[in-house]
Every structure is written in C-alpha cells, then in structure tokens.
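> So you can see what is in the structure, the chains are spelled out below.
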Amino acid sequence: MSDAWVVVLVVGVGTMLLKAVGPVGLAHRELPPRAERLLDLVAPAILAALVVTETFASGRSLVIDARLAGAGAAVLLVLARAPYWLIVICGALATAGVRALH
Amino acid sequence: MRRVKHTSINRAARVGIPVFPGAFAIGISFGVLARTEHFSSVAALVMSATTFAGSSQIAAVTLLGGGGTVAAAIVAALLLNSRYAPIGISVARAFQGRLPKRFVEAQLVVDESWALGNGDRSLILGIGAILWVLWVGGTAIGLALGSVIGDPSRYGIDGAFAALFVALLATQVGTRTRRTVAFLGAAIAAVLTPFTPAGVPIVVATAAVLVGWRRP
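These protein sequences, in sequence, are chains D and F. So for the first sequence, my numbering puts the first residue at 1; every next one is plus one. So for the second sequence, my numbering puts the first residue at 1; every next one is plus one.
Heads up, some of the hints might be wrong.
Claimed, not checked - Straight-line C-alpha distance at most 20 Å; calculated SDA-like pairs for lysine to any residue: (1) F:101 / F:68; (2) F:101 / D:6; (3) F:101 / D:5; (4) F:101 / F:74; (5) F:101 / D:93; (6) F:101 / F:49; (7) F:101 / D:89; (8) F:101 / F:204; (9) F:101 / F:70; (10) F:101 / F:130; (11) F:101 / F:89; (12) F:101 / F:211; (13) F:101 / F:132; (14) F:101 / D:85; (15) F:101 / F:79; (16) F:101 / F:129; (17) F:101 / D:26; (18) F:101 / F:133; (19) F:101 / D:21; (20) F:101 / F:67; (21) F:101 / F:75; (22) F:101 / D:25; (23) F:101 / D:12; (24) F:101 / F:121; (25) F:101 / D:99.
Hint data in this document are derived by calculation from the structure and do not stem from the laboratory. Since we're looking at a predicted model, the values are computed, not measured.
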C-alpha cells in the first residue's frame, strides 16, 4: 500500500472515531446542570481559538500576513451586520488583494 | 414524514447558505493540492468522504508531499481533528437512536454545521449533509481542474477560513460570560501555538469553559 493510502485510511478512521465520541458515547445521557452549562460554552472557546490559529498560526509560529486583512475585514463586516456570505467572500478578497500587492 | 424531511433540508439550506460557498471553494483547493502532491484521485476522494475536515486533510497532504513521514502526517491530521471530541460531546444530548445511526450522524457534525446548528439536531445534520456533498464534489472538481486553477492561496482561500471563523464566533458571544470564554480561548490558543503541535492549542482552549463553573 502506498504512503498516501496509509495516511488516507488511518486519518479517515481516526477522524470518524473522534467525531463519534460525543454522539455515540454520551447520547441519551442526562447531564448535571453544571456540565450542560459548561458544554454550552465550548462553541465560543473553540471558535475563538480557531480564529487565532487560522489568522496567525504558521506551523509553530505566530505571524502577521495577508490573512490578517481577511480577518480584519470580517470583524468590520460583522460590526456592520453584513450577511454571512459577504463576510467570507470579502475575507478571501482582502487576503488575495494584500497578497497581490506584495 | 417526507414533508418534514423536505422542510428541514430547506431550512438547513437557508441557514447554511453563508458557509456553503467557502466549503465548496476549499474542497476545490484540496483537490488541486492533492493532485500536485501526487495523491491518486481515488485516494483524495476517499479522504474527503471519510475524514471530511478541511484543515487536517490539507495538513496531511502537504506534509506527506513535502517529504514528511507517514507518521508525521497522521499525527498532525489527527491532532487537528481532536477538537471533534469536545465538539461532539457538546452536542451529544441532541443525538438519539441506535448506535450505527448515531455513528453515521456524528460524521456530519463539522465546524460550520455545529456552530450554525446551535444544538438543533435536524439543522446540524441538514447543513452537514449539504456540506459533505459540496466538499466531496469540490474535491472532484479540484482534481479534474488541477493544473488550470493553480495555487489556491492566490485566491485568498486561507483568509476566507479566518473570516469564516470570525463570522461563526460572532454568533456565539451574546453574553458577557461567553465573551470572557472567547477571549480566554483565543489567549490560550495564541500562547500555546509556538510550543505545541497544531491542533493542541484548540483542544486546550476548551478549558476556557471553566469560566462558567460558578456563573450561570
């Protein structure tokens, strides 16, 4: 089997299992109110972390590059209550624009 | 029953509109990338259909193509996807039925369907199913068009990712507690990035939820 196929199969099976942890392992279960409250906060925590890594992370370094223009445009458009699709398109355009200038 | 299903897919299509073009575009860029890194078309399509998680697929293919070892590619991709354990746990309440059904449905819980679905099972599954079709379809188009399209980063696809997560985050910070959690999560990710493999900072950032231990 080629290296590519080993990666495809192991990552595929591993990711499917990771996604199943919650819905398979914990479905139906009544959780204590405190646990429910904490789980409700997972979304802002993970999404904020993803904003940081998708904007600044390059391998193990934090860098400022054209992606910051995309994220900055997105912040402004969120504040202006722009529709969501417009935010994503402008994020790509701002990034591509800054990159083309360099 | 059919009617119900029909309405819920319509609703998912409406709520998910903002994230569909991005997923499709990133799917295309994954296809282009896989081709340039000498993945066979079948391998790339199987990866999109099973892994169904953009950043990890791009990381694995890039690492392997750049001369990295098989083990490095696998570990990097699985670390990037390890956030799906806490993500899945946070929506587990919404899933019912027999184990195989829950296993299949869990595959549709991805970043965008999870964030926009907000715990609503039919919305999560509807958006997730549409995203899956766009993702695998985009991969196929990228594989077919590979050489015509060229380097995807020219189109700012990586900046679209950043903008997407800004927009998704904005829907999640309605209260002071949630804003505090977001700030803390961002800070944890920034501090850990230089010291840990990619993916670890995102999972550790989940610890920010402990802010809610006392306050409602």
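> Give a verdict on every hint.
Here is what the structure says about each hint:
For the given pair, residue 101 of chain F sits about 37 Å from residue 68 of chain F by alpha-carbon distance, which is inconsistent with the 20 Å threshold. Restraint check: the Cα-Cα separation between residue 101 of chain F and residue 6 of chain D comes to about 27 Å, which exceeds 20 Å; the hinted pair is violated. Our distance criterion of 20 Å between C-alpha atoms is broken by residue 101 of chain F and residue 5 of chain D, whose separation comes to about 27 Å. With a C-alpha separation of about 27 Å, the suggested pair residue 101 of chain F and residue 74 of chain F falls outside the 20 Å cut-off, and the hint is violated.
Annotation: proposed proximity of residue 101 of chain F to residue 93 of chain D is violated, straight-line Cα distance about 40 Å (limit 20 Å). Only pairs whose Cα atoms come within 20 Å are accepted, and residue 101 of chain F paired with residue 49 of chain F is accepted, the gap being roughly 17 Å. At most 20 Å may separate the alpha-carbon atoms for a hinted pair to count; residue 101 of chain F and residue 89 of chain D exceed this at roughly 35 Å. A hinted pair counts as satisfied when its Cα atoms are at most 20 Å apart, and residue 101 of chain F with residue 204 of chain F does not qualify at roughly 30 Å.
Between residue 101 of chain F and residue 70 of chain F the alpha-carbon distance is near 32 Å, which puts this suggested pair outside the 20 Å criterion. Taking the CA atoms of residue 101 of chain F and residue 130 of chain F, the gap is about 18 Å. The hint holds against a cut of 20 Å. A C-alpha spacing of about 16 Å is found between residue 101 of chain F and residue 89 of chain F, which places the hinted pair at or below 20 Å, so the restraint holds. For a cut-off of 20 Å, the pair hint linking residue 101 of chain F to residue 211 of chain F is broken: about 34 Å separates their Cα positions.
Proximity of residue 101 of chain F to residue 132 of chain F is assessed by CA-CA distance (about 17 Å); at most 20 Å being required, the pair is judged to hold. Among the hinted pairs, residue 101 of chain F with residue 85 of chain D is inconsistent with the structure: their alpha-carbon atoms are about 32 Å apart, more than 20 Å. Restraint check: the Cα-Cα separation between residue 101 of chain F and residue 79 of chain F comes to about 26 Å, which exceeds 20 Å; the hinted pair is violated. Under the criterion of a C-alpha separation no larger than 20 Å, the hint pairing residue 101 of chain F with residue 129 of chain F is consistent with the structure, at around 14 Å.
A C-alpha spacing of about 14 Å is found between residue 101 of chain F and residue 26 of chain D, which places the hinted pair at or below 20 Å, so the restraint holds. The hinted pair formed by residue 101 of chain F and residue 133 of chain F meets the criterion: a straight-line CA distance of about 19 Å does not exceed 20 Å. With a CA separation close to 14 Å, the supplied pair residue 101 of chain F and residue 21 of chain D stays within the 20 Å bound. For the hint linking residue 101 of chain F to residue 67 of chain F, the alpha-carbon distance of about 39 Å lies beyond 20 Å, and the restraint is violated.
Taking the CA atoms of residue 101 of chain F and residue 75 of chain F, the gap is near 28 Å; set against the 20 Å cutoff, the hint is violated. Only pairs whose Cα atoms come within 20 Å are accepted, and residue 101 of chain F paired with residue 25 of chain D is accepted, the gap being roughly 13 Å. Taking the CA atoms of residue 101 of chain F and residue 12 of chain D, the gap is about 18 Å. The hint holds against a cut of 20 Å. With a C-alpha separation of about 13 Å, the suggested pair residue 101 of chain F and residue 121 of chain F falls inside the 20 Å cut-off, and the hint holds.
For the suggested pair residue 101 of chain F and residue 99 of chain D, the alpha carbons sit about 45 Å apart, so the restraint of at most 20 Å is broken.
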